[in-house]
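Asks: Sequence:
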Amino acid sequence: MCGRYATGNTSWEQYRAWLNLTGEPPRSNLEPRYNIAPTASAPFAMEADGERVLTFGRWGIWQPWMEGKRLSTFNARAEGLESSRLYAPLLAHGRCLVPAMGFYEWTGPKGQRQPHFIRHASEPLLVFAGLCARAMKDGEPVTSFTIITCPANAQMAPIHDRMPAILDAPAREAWMGGAEPQGVLEPWAGALEIYPVRPLKREDGPHQVAPMA
Numbered sequence: 016m017c018g019r020y021a022t023g024n025t026s027w028e029q030y031r032a033w034l035n036l037t038g039e040p041p042r043s044n045l046e047p048r049y050n051i052a053p054t055a056s057a058p059f060a061m062e063a064d065g066e067r068v069l070t071f072g073r074w075g076i077w078q079p080w081m082e083g084k085r086l087s088t089f090n091a092r093a094e095g096l097e098s099s100r101l102y103a104p105l106l107a108h109g110r111c112l113v114p115a116m117g118f119y120e121w122t123g124p125k126g127q128r129q130p131h132f133i134r135h136a137s138e139p140l141l142v143f144a145g146l147c148a149r150a151m152k153d154g155e156p157v158t159s160f161t162i163i164t165c166p167a168n169a170q171m172a173p174i175h176d177r178m179p180a181i182l183d184a185p186a187r188e189a190w191m192g193g194a195e196p197q198g199v200l201e202p203w204a205g206a207l208e209i210y211p212v213r214p215l216k217r218e219d220g221p222h223q224v225a226p227m228a
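For the sequence shown, the working numbering begins at 16 and goes up steadily by one.
Because the hints were derived from the structure by calculation, they are not lab data. Computed from a predicted structure; not experimentally measured. It is possible that some hints are incorrect.
Said to hold, decoys possible - Computed beta-carbon distance windows for the label pairs:
1) A206 x R85: 34 to 42 Å
2) K125 x A63: 39 to 47 Å
3) E218 x N35: 28 to 36 Å
4) D176 x K84: 23 to 31 Å
5) K216 x L106: 33 to 41 Å
6) Q129 x N168: 17 to 25 Å
7) G83 x G192: 34 to 42 Å
8) T54 x W80: 12 to 20 Å
9) T54 x P214: 17 to 25 Å
10) P221 x G83: 33 to 41 Å
For every residue, glycine included, the Cβ atom is placed at its ideal position computed from N, Cα and C.
Please model the complete structure; the sequences and the hints are all you need to start from.
Replies: Shown next as structure tokens:
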């Protein structure tokens, strides 16, 4: 799974290049983020009016029929997308790309959980496959997204049995172009850097991703 992640101090120019954006910069401030949690607002790329744009949305899909239900929607398993009442309709018109400097995962027993930060071994960003939705709530539009997960690769397996579906450049275009999920949402074949970090607090800052001494 992926329960926390960071975008770091990523610039508009980096987002534009990595996500192949064609639209204008978002109105929201691209402030550095190192501790993004479910329900927080975060940037992602989607198709809108023939352009690929960077927008902001709630991390965790929301739809009107979910009101009052306790559902976890910040991650979506790749294996069940096509049979899901929530996610299957979004495969046709709600695919998106979620940029990240890296993500966190924990090991160890309850009360002694050790966070690890996972990032690309040689590049500044990872790009996750996602799904997004737009709906109305109390007369106001709500934009939301989820990060798709797949089985862990060999590097991640000692940490967790799941990981975000990370896409390289060709896979990003295939995903956004409507390719079958089974051919795109595979365990990442590239190299990752994984290291322990200090326990996450409610605060946000670059110290969150610093290797633990």
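Asks: Assuming the hint says 34 to 42 Å, is it satisfied by the Cβ distance from A206 to R85 or not?
Replies: holds (38 Å)
Asks: State, for the Cβ atoms of D176 and K84, whether the hinted interval 23 to 31 Å holds or is violated.
Replies: holds (26 Å)
Asks: Does the Cβ distance between K125 and A63 fall inside 39 to 47 Å?
Replies: holds (43 Å)
Asks: Range hint 17 to 25 Å: satisfied by the CB atoms of Q129 and N168?
Replies: For Q129 and N168 the Cβ distance comes to about 20 Å; the hint holds.
Asks: Between K216 and L106, does the C-beta distance stay in 33 to 41 Å?
Replies: At roughly 37 Å between Cβ atoms, L106 and K216 fall inside 33 to 41 Å, so the hint holds.
Asks: Holds or violated: 17 to 25 Å for the Cβ distance of T54 and P214?
Replies: Given a distance of about 21 Å, which is inside 17 to 25 Å, the answer is holds.
Asks: Has the hinted range 34 to 42 Å been met by the Cβ atoms of G83 and G192?
Replies: holds (36 Å)
Asks: So does T54 sit 12 to 20 Å from W80, Cβ to Cβ?
Replies: holds (18 Å)
Asks: Please test the hint of 28 to 36 Å on the beta carbon pair from E218 and N35.
Replies: holds (33 Å)
Asks: Taking the CB of P221 and the CB of G83, does the distance hold inside 33 to 41 Å?
Replies: holds (39 Å)
This entry satisfies every hint, going by the numbered hints stated previously.
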